[in-house]
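Put the complex together from the two separate chains, hints included.
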Amino acid sequence: MQIHSREYPKRAREGGDVRASVTGATLSFDARRRAAFAGVAAEEWRVWAEGVKTHLLTHLDRYLEEAEARLEANGARVHWAGSQEDVHRILSAIIERRGARRAVKGKSMLSEELEVNELLEKRGVDVLETDLGEYILQLLEQPPSHIVGPAIHLSLDEIRRLYHETHGTELDATPDELAGVSRLILREAFLAADVGITGGNFLVAETGTVALIENEGNIRLTTSAPPVHVALVGIEKLLPRWSDLAVFLQLTARAATGQPVGNYVSMIHGPRTADDPDGPEEVHVVLVDNGRTDVLADPEAWEALRCVRCGACLNACPVYRQTGGHAYGAVYSGPIGSVLNPGLAGLHAAMPLPFASSLCGACEEACPVRIPIPELLLSWRRRAVEAGMDSRAKAGLLRAWTAVATRPGLYRAAGAMLHTLPEPVRRVPLPVVGGWREVRADPEPSPTSFRELWREGIE
Amino acid sequence: MSEQPTTASGPMPPARAPVRASLFVTCLGDHFYADAAASAVRLLRKLGVEVDFPEAQTCCGQPAFNAGRDAEARRMAAHTLEVFRESEYVVLPSGSCACMLRRFYAHLFHDDDLSGQAADLAGRTFELGEFLVRVLGVTKLGRGLEGRRIAYHHGCHALRELGIREEPLELLASAGAEVVPWEAAEECCGFGGLFSVSFPQVSAGMADRKLDTLAAAGEVDFLTSADCGCLLQLSSRMRKRRQDLAVRHLADVLWEAAGADS
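Residue numbers (the working numbering), protein chains in the order written: chain U, 3 to 461; chain P, 29 to 290.
So that you can see chain P by itself, here it is in the shape it has in the complex (with noise of 0.2 Å):
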């Protein structure tokens, strides 16, 4: 068994009533981080949470809304809203999804009959690491991570329009991982969505200018993220180019945090 959750302001205390948050696994999530998404399951319950899967959600719209196709993301935002509309708490494996229902469906739905409820999701919605440290106050997961060197990708909505950018290396760090700095970790991997296949040669200059500066790093563990999306497109370069490193989405890491054994 390993130690207990810890706050910042010391061990976590039973929840009066439990908190209930409904898992919105993603599109990429669902398909080609599964294993992931049911750590991210295994852990959230670890931390007393009750977690819900509502089986109806499908895509945010977030593909249709960067390609300026609005009327098309509307469809597929109106499903979500209705989809999580009882949800106590939405949590997503992908800071660009949670982004997307919570500061792109304001831009969608600003004059619409829909723009109160997607002002009430938007309120309701966390991405995962950034769902333990500001919503359950989570500081300290266990020590699972105990001498790993791991190097953290920031995705771009994650960090620059959600702001979360301490609570992944927190949750990191506590856990006794070494968090490597590397020169290009904030930059954006060249995903972008339709992005990366509209100007793949640009799409792979950017990865390549992650993967080599992070080759330059040192030897790490694994790479790790919060978002799907970026770890697809830097796997799937890093597998053309024959780099060998692991690649890991940051919720499998997590759990490993916690004590994935126990």
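Only chain U is shown next, with the shape it has when bound in the complex (with noise of 0.2 Å):
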């Protein structure tokens, strides 16, 4: 996984030109999943919720392996990756032995994570990405920039625009005429693909079955009119039993979107048997790592493997709503980004992302599966001061402070001084604090202190 996060600060200093689609789009998200919830006992949900993701992830072992038993029993190959590496390995040797040339892709942020697209297209593959929003950056040479609505980042106009340049549609064209030229080139895709993949969102131990959600129809398609699918499921998307899935399926649709559930849900379970009409011949689960292992092992950010990946926390993200997720550099943005980033791809490679965040704890409040994102926030940011990554400045700065704080004696005669020195000397402009006055006016101290006003004795 690529990661440009050291470019955040500038990136989301030129964040406005995204503002306005981001904030119209994640708003509308966040209402329709305050509303789904509304009508449901949520906090129970929740709460369940989070324990099965718990129980799953420290019995992970075990569930891996019933879940491969289970996979291969219904006929689907079963493949370890350990790395993106293994990932690439193992879809080449696929591609290979298929003499594949052209595959559909269904909406798939692993996917992306272990770039794909890349490997196909250095194979000689022909990939096209299948979701309407997905189907649009690639015309865009763009990553997805939220993680259930790809091109939220994008106004209509824009859209119309590049449709205009690319199919010769009008200017004016309805978003229905839109979806209608796309559709006609994804269904000579689907006809003509060789090989299928997606991800998975989850995959059920008990049973073997790989889940998927969505709205469009096209990941039925990619995983039944090819004859592969490939599905790549990280570890952490498996559920216990199949009665876990009834929950997660109503759980994320009504976290993602608000919708009580997905329009269509597929349950994969193998390929076609003799008796099936149709459906793939091959069926591959690739069982993906790629650092997740090492994020459990981790005591302060194992949580964060519960994610289901629904965007929750980016609708209701403050920060987010002002950038939008390039800015984050990588391809999970947002808060559950900040504290998942760190984890698979390094500290060092994720900074600023850990500090990028006002610590309101929305995201934590919408997070179906309650992950404590502002704690482990924390957590990453104790270990970049400890690995020393953060700003010097800010260090001196906050020991400097700490030692005034310590001694009430000099902290009376610092905070005097705010009050009685002349106004010219309060302006000198002093490091870090100077990016108050960059977007504000000089807060106005009051004429004494609250100390001098207790002194003289309050009335």
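There's no promise every hint is true.
[Stated by the list, open to error] Below, a sample of chain P positions facing chain U; criterion: calculated Cβ distance under 7 Å: (1) F60; (2) V69; (3) A95; (4) G220; (5) P228; (6) M234; (7) D272.
Rather than coming from a laboratory, the hints here were simulated on the basis of the structure. The C-beta atom is built at its ideal place from N, Cα and C for all residues, glycine as well.
Now the structure itself:
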């Protein structure tokens, strides 16, 4: 996984042009989530879901083996991939054996993390994204900016212009017309594809079932039309029991888009059998680690693995709303990205993402599996400080502040200066806090401190 | 003379022994909202609370805690534990600093000799509005806000960490004010301590969303909040944008609610 988070401060500065689109889309997602959970015992669902995922993660070895056994009994082939290189090797072998030239893909953040499109292109395979948002981004050569709504940073007019240039549609085409044009292209691709590649929202260990949630029907076609289906599944995506799936499908759809359940839910147990009229000849399930066991072994980071990739924390996040996902410079953006990326890609590569939060807690409140995101952000901040990755100026400022704040006499004297120093002296530019003045008027101190008022006597 | 403060079950009964509370004014309260902090003292006294002000108090340590500098945060927190060791209650005109004492000291001292002392302080610590409603049981201070249209900004720590949502609204409404609903009332203002200086554009954009949606909510007399940091952020951004709206600390407004002139 490539990560360019170092540019976050610069990109955040320039983030203004996507603000309107991202704000509109996330507020709408967020309102729908709230409405969808208002009708159910939301807190009980969340506590239960947290418990199931925590149990899964603390017994992962057992459930992985159970899932493998069930999948193989169902006729699927199971591959274990420790790293991105392993995934590339496994995919290359399938492509080569099948002589595959054309692939269709369902929307999958894991495939972005693993740079699957880059591999396929390198192997001379024509790959087409079939989720409408992902298809648009493929035309623009952009990565997704949101886990669920990959193209929410684009305005309708931008998409109209793109389709006008690439497909010759009118500049005032309706969204339905744009979707219609895309549908024609995608239908051809589904029928011609040699292999369909998807992620997996869940993998039920008890039954060996890969479950996929979507709204457009493209995943249904990606998994059923081509002769080969490859599902890339992160090892944290398992669920112990079939009955767990019934709740997680509803929980995830409500959290992601405010729907009681996705328009399409595909449950894949294995390849077509002799009795099936259609379906793929081969189903491959690739169980992907790619840094996840390191996160699992980390007592202060592992809870991020409960994530079901619903995007609710992005939609609730006022920081994300300002910049959209690209500013984060990583596949996983927003609050969950800021706690997941340091674990998956290393803290050094993910800096300064753990600091890019006001710690307002809206993410934790929205999370359907109760990941304590602010707490995890703080843990990464502590480690960044210990490793000397954070700004030296800030370190100096806080050391000086601590020296003052643990000496009441000095603290009083320093405080008094704020009210007695003449204005020009107070305005001397200071490191770190200079960022205040860039966008705001100077704060106006009270004429005298409260301390002084107290000494004079408060009537 | 305004009417007597009342509780949910009728007029406030005379306390058997006076409640004693120490004011933890906080850094920003001390230097930027001194008058509001003085109003908090007057209000508490009017409600029969014996108020003291331990002068050795400094900073709660949150700036260091949020920066991941626990060693420094622990030193400031240990100092604070000592300063308020004997206090019956500790009352703060700041939801965020109250949250630091109530919730985050437990993290700082979880494997430390001071964990018991931290838990003890957490149990005695309250944000001002919360203290009035939850500890003193006061739901009506007076009718001093009759006819006022007020916008209330919920500080994130007060709202999401301490669960303070209805208390300030109830105190404002029972004093005759109309609390004007507002799209982004519960969203972060973008302050976040050092976040505001590390990522100024993002922080200002967050403040702008608050302020734009507030402007769209119609005329209000003023904006108020229980958090000095949020007030400083919003008022400083407003002045930069030349948006003209009075910004007042909740303590000041509650004192007016109780009949500031009495």
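Could you tell me which of the hints above the structure violates, numbers in ascending order?
Of the numbered hints, just 7 does not hold.
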